[in-house]
Amino acid sequence: MSATQQAPDSILSDPIYKEILEQLRPHAGADSVFAPDTVITEDLGMDSLAIMDFLFDLEDALDLNIPEHRTAEVRTIRDLVAAIVLLQKES
0 MSATQQAPDS
10 ILSDPIYKEI
20 LEQLRPHAGA
30 DSVFAPDTVI
40 TEDLGMDSLA
50 IMDFLFDLED
60 ALDLNIPEHR
70 TAEVRTIRDL
80 VAAIVLLQKE
90 S
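According to numbering that gives the first Met the number 0, the residues represented by the sequence shown are 0 to 90, in order.
Simulated from the structure, these hints should not be mistaken for laboratory data. Think of the CB as a built atom: it goes at the ideal place given N, C-alpha and C, for glycine as much as any other residue. Hints may be right or wrong, so weigh each one.
[Unchecked claim] FRET-style restraints, in silico, Cβ to Cβ:
| no. | residue 1 | residue 2 | range |
| --- | --- | --- | --- |
| 1 | 64 | 17 | 17 to 23 Å |
| 2 | 67 | 12 | 26 to 32 Å |
| 3 | 29 | 64 | 27 to 33 Å |
| 4 | 89 | 17 | 19 to 25 Å |
| 5 | 89 | 28 | 21 to 27 Å |
| 6 | 12 | 63 | 16 to 22 Å |
| 7 | 86 | 40 | 18 to 24 Å |
| 8 | 72 | 11 | 20 to 26 Å |
| 9 | 44 | 70 | 15 to 21 Å |
| 10 | 30 | 90 | 35 to 41 Å |
| 11 | 47 | 21 | 17 to 23 Å |
Sequences and hints are given; from them, build the entire structure.
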């Protein structure tokens with residue numbers, strides 16, 4: 000298992016995962032189901048404006064700048080957790 004991967008159940012208690020969910024809820028569709036492998040653009044009913052608003056809120060909450068090239072690689076909540084972990088290690 001690489002440094003950016005976590006055991007499947009450990010991500011549920013990860014503070015970054017919890018913060019992502021907290022920031023996602025106001026932007027996602029009312030009937031959205033959140034799980035590590037939820038595809039942000041497809042499963043949550045979010046348009047591009049909602050995604051941008053979510054990312055701005057997440058950056059503020061984590062006091063972190065997420066470069067656009069990193070977000071382009073993200074599909075799932077798990078991917079976003081891994082990208083943020085890498086960004087935090089790089090800073």
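Numbered hints the structure breaks, given as an ascending list: Hint 5 alone not satisfied by this model.
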